[in-house]
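Number of protein chains: 2
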Amino acid sequence: MVKNGLPMASGKKAGISPTRAEDFPQWFQSVVRDAEVAELDHVRGCMVIRPWGYGIWELMQRAMDDAIKASGADNAYFPLFIPLNYIAEEAAHVEGFAKEMAVVTHHRLEKDADSGDLVPAAELSEPLVVRPTSETIIGRSFAKWINSYRDLPLLINQWANVVRWELRPRVLLRTTEFLWQEGHTAHATEDEARAKTLEMLEVYREFAESVLAVPVIPGEKPESERFPGAVSSLSIEAMMQDGKALQAGTSHYLGQNFSRAMGMQYTAEDGGQHHAHTTSWGTSTRLMGALVMTHADDNGLRLPPRVAPHQVVIVPITRDEPAAVLEAADGIAAEVGAASVLDAPLRVSVDRRERKPAEKRWEWIRKGAPLVLELGERDIEGGVVTVTRRNDLDLAREQVPRSELASKLPQLVESMQAEYLAAAAERLGSRTSRDVSNVDEFREFFSGDDPDSGGFVRAPWCADPATDAVMGELGVSVRCIPFDQALADGAECVISGAPAKVEALFAKAY
Amino acid sequence: MVKNGLPMASGKKAGISPTRAEDFPQWFQSVVRDAEVAELDHVRGCMVIRPWGYGIWELMQRAMDDAIKASGADNAYFPLFIPLNYIAEEAAHVEGFAKEMAVVTHHRLEKDADSGDLVPAAELSEPLVVRPTSETIIGRSFAKWINSYRDLPLLINQWANVVRWELRPRVLLRTTEFLWQEGHTAHATEDEARAKTLEMLEVYREFAESVLAVPVIPGEKPESERFPGAVSSLSIEAMMQDGKALQAGTSHYLGQNFSRAMGMQYTAEDGGQHHAHTTSWGTSTRLMGALVMTHADDNGLRLPPRVAPHQVVIVPITRDEPAAVLEAADGIAAEVGAASVLDAPLRVSVDRRERKPAEKRWEWIRKGAPLVLELGERDIEGGVVTVTRRNDLDLAREQVPRSELASKLPQLVESMQAEYLAAAAERLGSRTSRDVSNVDEFREFFSGDDPDSGGFVRAPWCADPATDAVMGELGVSVRCIPFDQALADGAECVISGAPAKVEALFAKAY
Chain H
8 MVKNGLPMAS GKKAGISPTR AEDFPQWFQS VVRDAEVAEL DHVRGCMVIR PWGYGIWELM
68 QRAMDDAIKA SGADNAYFPL FIPLNYIAEE AAHVEGFAKE MAVVTHHRLE KDADSGDLVP
128 AAELSEPLVV RPTSETIIGR SFAKWINSYR DLPLLINQWA NVVRWELRPR VLLRTTEFLW
188 QEGHTAHATE DEARAKTLEM LEVYREFAES VLAVPVIPGE KPESERFPGA VSSLSIEAMM
248 QDGKALQAGT SHYLGQNFSR AMGMQYTAED GGQHHAHTTS WGTSTRLMGA LVMTHADDNG
308 LRLPPRVAPH QVVIVPITRD EPAAVLEAAD GIAAEVGAAS VLDAPLRVSV DRRERKPAEK
368 RWEWIRKGAP LVLELGERDI EGGVVTVTRR NDLDLAREQV PRSELASKLP QLVESMQAEY
428 LAAAAERLGS RTSRDVSNVD EFREFFSGDD PDSGGFVRAP WCADPATDAV MGELGVSVRC
488 IPFDQALADG AECVISGAPA KVEALFAKAY
Chain V
8 MVKNGLPMAS GKKAGISPTR AEDFPQWFQS VVRDAEVAEL DHVRGCMVIR PWGYGIWELM
68 QRAMDDAIKA SGADNAYFPL FIPLNYIAEE AAHVEGFAKE MAVVTHHRLE KDADSGDLVP
128 AAELSEPLVV RPTSETIIGR SFAKWINSYR DLPLLINQWA NVVRWELRPR VLLRTTEFLW
188 QEGHTAHATE DEARAKTLEM LEVYREFAES VLAVPVIPGE KPESERFPGA VSSLSIEAMM
248 QDGKALQAGT SHYLGQNFSR AMGMQYTAED GGQHHAHTTS WGTSTRLMGA LVMTHADDNG
308 LRLPPRVAPH QVVIVPITRD EPAAVLEAAD GIAAEVGAAS VLDAPLRVSV DRRERKPAEK
368 RWEWIRKGAP LVLELGERDI EGGVVTVTRR NDLDLAREQV PRSELASKLP QLVESMQAEY
428 LAAAAERLGS RTSRDVSNVD EFREFFSGDD PDSGGFVRAP WCADPATDAV MGELGVSVRC
488 IPFDQALADG AECVISGAPA KVEALFAKAY
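If you read the sequences in order, they're chains H and V.
Mapping of the first sequence onto the working numbering: residues 8 to 517, in sequence order.
Mapping of the second sequence onto the working numbering: residues 8 to 517, in sequence order.
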């Protein structure tokens, strides 16, 4: 059953309120809350990432960290605080971030003598910015560490929290504090630095598709969307279930802008002094937002098995003989957990909590565990186990012979990863139009509020800033200039009708 | 050769200046810098953890994380910023931390119209504290998540950066920003919470000894040294090579102090409402300081193999036929890397950098890699490899037949872990005195500036605050009341001569 382009669980009260069709943004918030992934709490715009959400993040982190290390980068850690004079040095950079910086001005609290309230005391001689990104501080360390061409390339990655003050925060998508990795590299030549920028974008594309099951379109950002201080910014763009784009990773070639500002020079083989060419690249907890908006449904989260903290959850149905049922559940967990699926041991968990079995089953469905097994005394007698597959829209209970579990469950888990990717790729393909050929069709495509209206448009673009007016009016932007250009000779800009320079990817975006 | 109790590399210019005997504190700073572990840079008191240091930290983190998860705790993440009113609520807690808190007061930078300088703008209605620890914020989340006794125990751990403003910073030991894990748990009963406090201290003891090869003395902190807001604080105390103590991990029973302040209540089986009993426990990058001060020598760092990012480094000596030598080096790396040592595949690295072989060998010795292999054309012809063992004081080069590497290297690595622990345990034992019986002997023991004077004293103590004067004068404190008490009937306090209440561990401390 399909409604408004969004598949619905048939004949069943939806678990998440509102549904996607009713109110997509609110549905997203509800899924993130009800699946216990994360919540905005305590401080405006700041997030608590709950154990289930953090478990997802740990699996993402492990896979991404492996890929980054395989690219040759080493992890390191740099200060949270950045002196004001550091950040002021690269003009475009400070311009881009000044409006969203948290500033530390004091280093002590004291009781106010009159009111008795705690107030900031001991003012700093120079305010410190809480890092919004670390080019300026890591670049200065690079300048110290790099002397000769032999020290290049220098490839560093950092896992850290960063702060960008958000006036309109949204959980996972736009939060004042978020977790991320930021890679920073320095190279002897422009060619080598540009190649690294491209290489890391490819690492991100591969990660998004094979780990998160989120297909993406890689390309270059238009000038107006470049990272502050970059010469060229690349991105991967994913499509959410409402047809909007989400930037899922960026990789920047910074030229010599930062190396000149920081005196990052090296002595070449011929003795000459040169400024290094640098790059930076990052992905963040925002990717968990992409995961939710790509795969979740009206019953809650659906997790691709590679990022599911538990791939199989066993719910024991215990009344009279709890010990026997628990023993049988543990036996299944041990047997099935010995299998290897998607390059790792299958992750199985027995839910022993003191709660009603039905409540547990729905909790794991809401949390997106790929397979939920129920096991009671009658099942044991009958030699069967009841299996719910999270990718079945009806969430039907299927009886599987106990003897077949060890061969069948790994297959089901493995195929679910591929199925989620295929479904998302099908959506990306079917909702990307290449047939929008003039501004009227462009306006029509991006008007309408139904979650199933709109999507991506790939069309010729003149790259003239004058086209911003129409885009701004519709809330649309150029997401990227896709690498796989298909621009016909003499093609005209879809907005202005003027000769087109590139084929662009247009969309509304998060 | 032993000088001042510190073994010296014989007949060889020491790599680190000054040596331990010359100036222990300065030696420590030099080792941390020269081994490229970390450096204070950019912001007063803040640390850059360099790739080699971060590699050590990652291995520590992985082992600790496994142990914490095995204890039943899940990882999660909570906001970096804490509202002022949160931190003000637990009186002893705010008292303890007020003097060292970094305070965020603004969320934007603007150009000053007159000077053109960037200045903080957009003042926050309530200042935010950068977390010095997270009891107040995690406790409030617990209060929301806990309803019934069925929700208990709640066991959470967080890996995060924290900030405590340091007026006299020292790299790794006392830094304004540091990395740590902080565990927070809530329980239905005092007994259960106290048992968890003890259980996690035991996790720390086991980690320090088996992973870091740092033997420790577990015990309870005296009242004056308790965590602000705690009912009871436990710690493990390690002895550095200069005889001083370093607190290597703490675990606190917080009673109902925080749960009352935050309204963390649960409904019991009988329907009654109760406040939970909470604990918190933490270890930090400070442990890397303990690692250095326990194992390093006058040639630099010495890493117990479990935390050595490379356990075996192969330095190819290439002149005429680099390809053949590199091929042979890769062959050794592949063969030796297939072995499993200390529960993990042996970590082998071939150093292909364009640098002189002697320079590389000394770099890896300074960085503490357990085994350094050198391999040139003549070695290949002779069927041998030159091995330097980092635990050999003379750093002698030993010729090992190529055919024996696969069996011999894993043994050497494995035994080095045990040897480092045994050496540290021997020091802890021999420099802990149980024979100091009155205040004159106490003064004598703790006077004198030689690195080999002093150590730990275990002696009867009356626990009277009046004993603080003598201790303060000597720069000594009670590190803990060891769990394995050996207090004779009628024993007299080593300082006051009054009847003793406990056997205490006295030491100077970091």
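Please note that the accuracy of each hint is not assured.
Which copy? The list can't say, so a pair holds if one copy fits it or any two copies do.
Below, in silico cross-link-like pairs of lysine-lysine (DSSO-like), each with a Cα-Cα straight-line distance of 27 Å or less [as the list claims (entries may be wrong)]: (1) 118 - 515; (2) 508 - 415; (3) 415 - 106; (4) 151 - 367; (5) 118 - 151; (6) 515 - 151; (7) 363 - 508; (8) 151 - 106; (9) 508 - 76; (10) 106 - 363; (11) 367 - 508; (12) 118 - 415; (13) 76 - 151; (14) 515 - 106; (15) 515 - 367; (16) 367 - 118; (17) 515 - 415; (18) 515 - 76; (19) 415 - 151.
In case anyone wonders, no lab produced these hints; they're calculated from the structure.
Q | Violated hints, by number in ascending order, as checked against the structure | A | Structure breaks hints 1, 2, 3, 5, 6, 7, 8, 9, 10, 11, 12, 15, 16, 17, 18, 19.
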